[in-house]
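K.L.:
Let's have the full structure, built from the sequences with the hints guiding it.
Numbering (this note's numbering), first residue to last: 88 to 373.
Some clues are possibly wrong.
To be verified - Derived pair list, reagent style DSS-like, types lysine-lysine, alpha-carbon separation capped at 25 Å: (1) K213 <-> K120; (2) K191 <-> K172; (3) K157 <-> K191; (4) K94 <-> K172; (5) K307 <-> K94; (6) K301 <-> K172; (7) K213 <-> K163; (8) K191 <-> K208; (9) K307 <-> K279; (10) K163 <-> K146; (11) K94 <-> K146; (12) K94 <-> K301; (13) K213 <-> K227; (14) K279 <-> K301.
Read the hints as simulated data drawn from the structure, not as lab findings.
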Amino acid sequence: MVILEVKNVSYGYSHGTPFEIMALDNVSFTVEKGELIGIIGHTGSGKSTLIQMLNSLLKPESGQVLLEGKDINADKASIKAARGKVGLCFQYPEYQLFEETCEKDIAFGPKNMGLSQEEIKERVLKACEFVGLDRSLLGKSPFDLSGGQKRKCAIAGVMAMLPEILILDEPTAGLDPEGRKEIFRMIENYRKSTGATVMIVSHSMDDIARLADKILVMNKGRLAMYGEVSEVFSDADKLIGMGLNVPVSTFIISRLRAAGLDLAGNIFNTEEAANELVRYYKEAVK
Numbered sequence: 088m089v090i091l092e093v094k095n096v097s098y099g100y101s102h103g104t105p106f107e108i109m110a111l112d113n114v115s116f117t118v119e120k121g122e123l124i125g126i127i128g129h130t131g132s133g134k135s136t137l138i139q140m141l142n143s144l145l146k147p148e149s150g151q152v153l154l155e156g157k158d159i160n161a162d163k164a165s166i167k168a169a170r171g172k173v174g175l176c177f178q179y180p181e182y183q184l185f186e187e188t189c190e191k192d193i194a195f196g197p198k199n200m201g202l203s204q205e206e207i208k209e210r211v212l213k214a215c216e217f218v219g220l221d222r223s224l225l226g227k228s229p230f231d232l233s234g235g236q237k238r239k240c241a242i243a244g245v246m247a248m249l250p251e252i253l254i255l256d257e258p259t260a261g262l263d264p265e266g267r268k269e270i271f272r273m274i275e276n277y278r279k280s281t282g283a284t285v286m287i288v289s290h291s292m293d294d295i296a297r298l299a300d301k302i303l304v305m306n307k308g309r310l311a312m313y314g315e316v317s318e319v320f321s322d323a324d325k326l327i328g329m330g331l332n333v334p335v336s337t338f339i340i341s342r343l344r345a346a347g348l349d350l351a352g353n354i355f356n357t358e359e360a361a362n363e364l365v366r367y368y369k370e371a372v373k
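P.N.:
Rendered as C-alpha cells:
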C-alpha cells in the first residue's frame, strides 16, 4: 500500500539572482507503508530540501506531495494533518530542546495536537519506552542530561506524536559506534511497535545497507536512483561517479573478486561479507 507519493516536485532557491539553484528538479517516487527508506547523496544534492517537503515545512513550486492519496498542501487543515502524521527529526535534534523539563519537551508535540492530558501522559511514557529513556529523568531539565540522553529526549519528542512516517536526518551524527547502534535500535523498536514507515538520511553506506529496504539516491537536485539495496549498490560505478561510495564490505569483496577469488557479488554488509569469506575458505581447504 502506497502511503507517500512525490509527484514531479521542483523547488529552487535565490530565483532571479546569480546564485539561483534548483534544489529539486522534477522529483517523483512512491513509498510503501512500513518500508525503511535510506536517502543518500552528496552535500547539496537536495536531500534536506526533499525531506522538508514531506511535511510541508517547504512547499513545492510545482508538483505535489501526496500522503495517503491526499495533497498535503491543499489547505491549512491538510498541512496540519500532515505534520501530525509525518514526524521530522533534524540533525543534532538535542540542540532543539527548550522546555523546563524532559517531560514538557516530549509532551510539546502531543499537546499541540490537542490531545487530552491523559493521552499526552501516555504518549510521553510510550515515547520513553521507544528510546530507552529512564522515566526518572522526566522531571529533570533536558540541559542537565548527557549528550546521548539529550538526543533520546529530542527523538522521543517526535515519536510521542506517533507519526505514521518518521523521517530522521543523520540521526547518528557525532556518535560513537555503540551510540550509533543504540539509536538504530530505537528506530527499529519504533518501527516494529507501530508499523510506521521510516526514512533515514545518512552518509554511511554501511548503515544504509544494513537497515534499509530501499535506497533513494539524490544527485544535483534529481532523483538519480531508487530501488532495493542490492539494485542500487550493484551499480557501484554510477554511485562513485556521483561522488558517493559503496559499503566497505562491498568494496573489499569486489577487490577480492577482481583478484580471482570466487566470491558472491551481492555482498552489502559486514555480516554477509564475513559469512561469504568463511564459506570460500572452507571450500578452499577441502
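K.L.:
Hint by hint, say whether it matches the structure.
P.N.:
Hint check results:
Note on K213 and K120: the hinted pairing holds, with a Cα-Cα distance of about 22 Å set against a maximum of 25 Å. Between K191 and K172, the direct Cα distance comes to roughly 21 Å. Compliance with the 25 Å bound is thereby established for this hinted pair. Between K157 and K191, the direct Cα distance comes to roughly 32 Å. Violation of the 25 Å bound is thereby established for this hinted pair. With a C-alpha separation of about 19 Å, the suggested pair K94 and K172 falls inside the 25 Å cut-off, and the hint holds.
A hinted pair counts as satisfied when its Cα atoms are at most 25 Å apart, and K307 with K94 qualifies at roughly 18 Å. The hinted pair formed by K301 and K172 meets the criterion: a straight-line CA distance of about 21 Å does not exceed 25 Å. With a C-alpha separation of about 29 Å, the suggested pairing of K213 with K163 is violated against the 25 Å cut-off. For the given pair, K191 sits about 10 Å from K208 by alpha-carbon distance, which is consistent with the 25 Å threshold.
In summary, the hint linking K307 to K279 is not supported, as the alpha carbons are separated by about 34 Å, beyond the 25 Å threshold. At most 25 Å may separate the alpha-carbon atoms for a hinted pair to count; K163 and K146 meet this at roughly 12 Å. A threshold of 25 Å between alpha carbons decides the hint, and for K94 with K146 the separation of about 13 Å falls inside it, so the pair holds. The suggested pairing of K94 with K301 holds, with an alpha-carbon distance near 18 Å, which does not exceed 25 Å.
Taking the CA atoms of K213 and K227, the gap is near 18 Å; set against the 25 Å cutoff, the hint holds. With a C-alpha separation of about 17 Å, the suggested pairing of K279 with K301 holds against the 25 Å cut-off.
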